[in-house]
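**Q** Sequence:
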Amino acid sequence: MPEDVAGEIPAQQPGDAPGVLAEPEELREAVATVFGAEVDLARRYAGHLATTAVERGLVGPREVPRLWERHVLNCAVVGELLPPAALVVDVGSGAGLPGLCLALARPDATVVLVEPLERRAIWLTEVVDDLGIERRVRVVRARAEEVAPGRPGALPPADVVTARAVAPLERLAGWCLPLARRDGLLLALKGRSAAEEVRAAGSALARLGGLDVQVLEVGAGVVPVPTTVVSVTVGAALHPAGGSRGGEDVSGRSRAARQHARKPRR
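For what it's worth, our numbering labels the leading residue of the sequence shown as 1, then goes sequentially.
Note that these hints are calculated values from the structure, not bench results.
Not one of these hints is a red herring.
If you anchor each label on the Cβ, the simulated ranges turn out as follows:
| no. | residue 1 | residue 2 | range |
| --- | --- | --- | --- |
| 1 | Gly202 | Glu146 | 25 to 35 angstroms |
| 2 | Arg199 | Glu126 | 36 to 46 angstroms |
| 3 | Glu118 | Glu26 | 31 to 41 angstroms |
| 4 | Arg207 | Arg143 | 17 to 27 angstroms |
| 5 | Pro83 | Ala37 | 12 to 22 angstroms |
Each residue gets a CB set at the ideal place from its N, CA and C atoms; glycine is no exception.
Using the sequences plus the hints, can you model the full thing?
**A** Now the structure itself:
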């Protein structure tokens with residue numbers, strides 16, 4: 001979580017139901033564009049971030065005034081990088097950033113939230129249940145290494161692995177790249193240090209089979225400040241022939257069923 005700054009908790013908007021945090025007026029169009037039909041669920045999730053997540057120490061109270069711009073939308077716009085009906089594994093989910101945001105922005109995706117700390121995993125499970133999205137979002141209490149291929153708790157190789165504010169790219173790659181299928185993606189949400197982290201992680205990425213490393217800006221024209229993402233494609237070195245995913249995913253849906261899910265909004 002980024003460093004807290006001073007601020008006041010905004011007053012509840014007229015018509016807000018308990019547990020709902022409405023977006024500021026200036027972000028209303030962006031929120032509608034990014035979340036579409038899931039906008040009410042996004043507001044309910046934001047309500048959890050502003051209340052229960054603060055109460056349990058997952059979010060700093062001074063982050064509340066900027067939850068929508070700096071956190072929820074900052075993560076959700078990354079949904080434009082997901083392929084249709086993707087299986088997404090979010091490493092170090094914390095308060096669901098970016099995993100839950102992506103699940104709401106891209107309801108065609110199946111998302112696995114991997115979080116090692118019990119109190120965070122419990123909170124994530126409660127929020128997923130409250131939002132009614134448990135058929136497409138699963139919470140796994142584990143470290144990334146514990147769900148890697150060859151481990152008893154291994155997850156199916158993901159189309160996309162995501163992470164935000166977890167570790168420098170050099171370390172993050174070692175945890176995340178093994179979780180993706182061949183030709184899958186690591187999408188690491190980063191800040192101004194993105195290019196520097198890419199340079200520092202060059203040898204580690206090469207050793208792990210990371211290819212086509214790019215620093216991308218997403219959400220331009222939609223949100224006030226675009227999100228910086230480091231995109232890394234997983235090469236064949238990590239997943240030899242036959243290592244790509246098939247059959248059912250963690251939600252029990254087959255790949256064919258996922259491909260018939262709702263396509264992403266443009």
